[in-house]
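Trainee: Sequence:
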Amino acid sequence: MLAGVLRPTAGDALLAGISVVREPERVKHHIAYMSQRFGLYTDLTVAENIAFYADLYQVPRHERGPRLERLYAFSNLGPFKGRLAGKLSGGMKQKLALCCCLIHHPEILLLDEPTFGVDPISRRELWQILFEMRDEGMTVIVSTSTPDEAERCDDVVLLAPMDRPPPLVRPVVAAHEAGAVSVSHLTRRFGDFTAVDDVSFAVAEGEIFGFLGPNGAGKTTTIKMLTGLLAPTAGDGRVAGLDIRTETEDIKQRIGYMSQAFSLYGDLTVAENLEFSAGLYAVRGARFAERRAWVLAMSGLAQRLDSPTSDLPLGFKQRLALGCAVMHQPPILFLDEPTSGVDPLARRAFWDLIYSLAAQGTTIFVSTHYMEEAEYCHRLALMNRGRIIALDQPAALKRQLGVATLEEAFVTLVERAGGAVLG
Numbered sequence: 112m113l114a115g116v117l118r119p120t121a122g123d124a125l126l127a128g129i130s131v132v133r134e135p136e137r138v139k140h141h142i143a144y145m146s147q148r149f150g151l152y153t154d155l156t157v158a159e160n161i162a163f164y165a166d167l168y169q170v171p172r173h174e175r176g177p178r179l180e181r182l183y184a185f186s187n188l189g190p191f192k193g194r195l196a197g198k199l200s201g202g203m204k205q206k207l208a209l210c211c212c213l214i215h216h217p218e219i220l221l222l223d224e225p226t227f228g229v230d231p232i233s234r235r236e237l238w239q240i241l242f243e244m245r246d247e248g249m250t251v252i253v254s255t256s257t258p259d260e261a262e263r264c265d266d267v268v269l270l271a272p273m274d275r276p277p278p279l280v281r282p283v284v285a286a287h288e289a290g291a292v293s294v295s296h297l298t299r300r301f302g303d304f305t306a307v308d309d310v311s312f313a314v315a316e317g318e319i320f321g322f323l324g325p326n327g328a329g330k331t332t333t334i335k336m337l338t339g340l341l342a343p344t345a346g347d348g349r350v351a352g353l354d355i356r357t358e359t360e361d362i363k364q365r366i367g368y369m370s371q372a373f374s375l376y377g378d379l380t381v382a383e384n385l386e387f388s389a390g391l392y393a394v395r396g397a398r399f400a401e402r403r404a405w406v407l408a409m410s411g412l413a414q415r416l417d418s419p420t421s422d423l424p425l426g427f428k429q430r431l432a433l434g435c436a437v438m439h440q441p442p443i444l445f446l447d448e449p450t451s452g453v454d455p456l457a458r459r460a461f462w463d464l465i466y467s468l469a470a471q472g473t474t475i476f477v478s479t480h481y482m483e484e485a486e487y488c489h490r491l492a493l494m495n496r497g498r499i500i501a502l503d504q505p506a507a508l509k510r511q512l513g514v515a516t517l518e519e520a521f522v523t524l525v526e527r528a529g530g531a532v533l534g
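Under my numbering, read the sequence shown as residues 112 to 534, first letter to last.
Some clues are possibly wrong.
[Unchecked claim] If you anchor each label on the Cβ, the simulated ranges turn out as follows:
1. G452 / G396: 33 to 39 Å
2. G396 / V251: 53 to 59 Å
3. D347 / I500: 34 to 40 Å
4. E218 / D354: 45 to 51 Å
5. S374 / E243: 35 to 41 Å
6. E243 / V132: 30 to 36 Å
7. Q471 / V132: 50 to 56 Å
8. A404 / L270: 31 to 37 Å
9. I500 / D259: 18 to 24 Å
10. P424 / W238: 24 to 30 Å
FYI, nobody ran anything at the bench for these hints, they're computed from the structure.
Ideal Cβ placement from N, Cα and C applies to all residues, glycine included.
Full structure from sequences and hints, please.
Mentor: The structure is reproduced here in structure tokens:
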């Protein structure tokens, strides 16, 4: 509504002294709006995207040179002017979207969860840019679901439901001796680029194993190899005792996999998504009825069975995706950034479910950008530039580095390893 995209049902707001109800088009010349989806054209290059927005905002030609020079300097996107936006990492897309917003030097910058799905290094760089804009007199309004980002703001408005969330309790889970996942010298190359470089680790049964790293570090590529979706270039691995090279179809029946996009069918109803997932794993009859009842109780979707999945709020989609992933009660569950974009209450409720599954013996392999979530894991592997640079319990990592928070440990380890990968 503040950006003039949606008309309010009642009330009014003034931006730069202009009514968003009476003069929404006039407001747009004084502001910039960056949504969660960034608003980039993936088939245009970095330079072409910025030029498009410069034309859109009618930035005079003689002013573009100095502005572009500065934008490229603080975003570190200069070397990537010719790269397609669709080929950029999440952190680079974020910075490109911000450059597009700033090309006309707006008075007010509106950011809707701008760090959605990006790593701590990229988040820190974004906030450095925002502080610089603020110091130059620009007003910045940011929506965020991350409490540590809210602490960086000068003023905070809290919007939250009145009902209190259940307490998050971390149970002590005894890990069995047998390994659920074992990886030895795993490598994956794409042409001349090495996405995963000689990685080795093991995950115990019943363990919650966290996988961290900057955007482009190789986390998703590793998960795709472990889940049978991508063949390794070199190295070996076993998941649930099965070879990731030769027994990929058997692996898929023994695991659950929940991707960042949730892998739901938006044009199917809740009931139809559950039936489809059950059919993939031959869950039928009385067992299907039992598992469906469990998913509905867990997700709170019993009253929405006939609702199209595309109409569900993000938190409900997340829980439905989890239910579909564990419909067949797999011994190992892979979660690739499962809480990206959901609010802290939904994240906490989701982790209650994860602990419940782990307490029942399910091995959880989870990648995440959220440091508070990483604290919940039994052990963490930190990946950078395709290699594992640290592997230990969260408390042990902080103690070894002499830092108070896991985010400080993350940043320190990545900087020691040569910085986050760009691209």
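Trainee: Hint by hint, say whether it matches the structure.
Mentor: Checked hints:
1. Taking the beta carbon of each, G452 and G396 are about 36 Å apart, inside 33 to 39 Å as hinted.
2. Here the CB-CB span from G396 to V251 is close to 56 Å, well matched to the stated 53 to 59 Å.
3. Remark: the range hint 34 to 40 Å for D347 to I500 is contradicted by a beta-carbon distance near 21 Å.
4. One distance hint, 45 to 51 Å for the beta-carbon pair E218 and D354, is violated here, with the actual separation near 60 Å.
5. Here the CB-CB span from S374 to E243 is close to 39 Å, well matched to the stated 35 to 41 Å.
6. The supplied range of 30 to 36 Å is met by E243 and V132, whose beta-carbon atoms lie about 32 Å from each other.
7. At about 53 Å, the CB distance of Q471 to V132 agrees with the hint of 50 to 56 Å.
8. Separated by about 34 Å at the C-beta atoms, A404 and L270 satisfy the suggested range of 31 to 37 Å.
9. At roughly 23 Å, the beta carbons of I500 and D259 sit within the given window of 18 to 24 Å.
10. Roughly 27 Å separates the CB atoms of P424 and W238, a value that falls within the hinted 24 to 30 Å.
Checked against the numbered hints given earlier, the structure breaks hints 3, 4 and satisfies all the rest.
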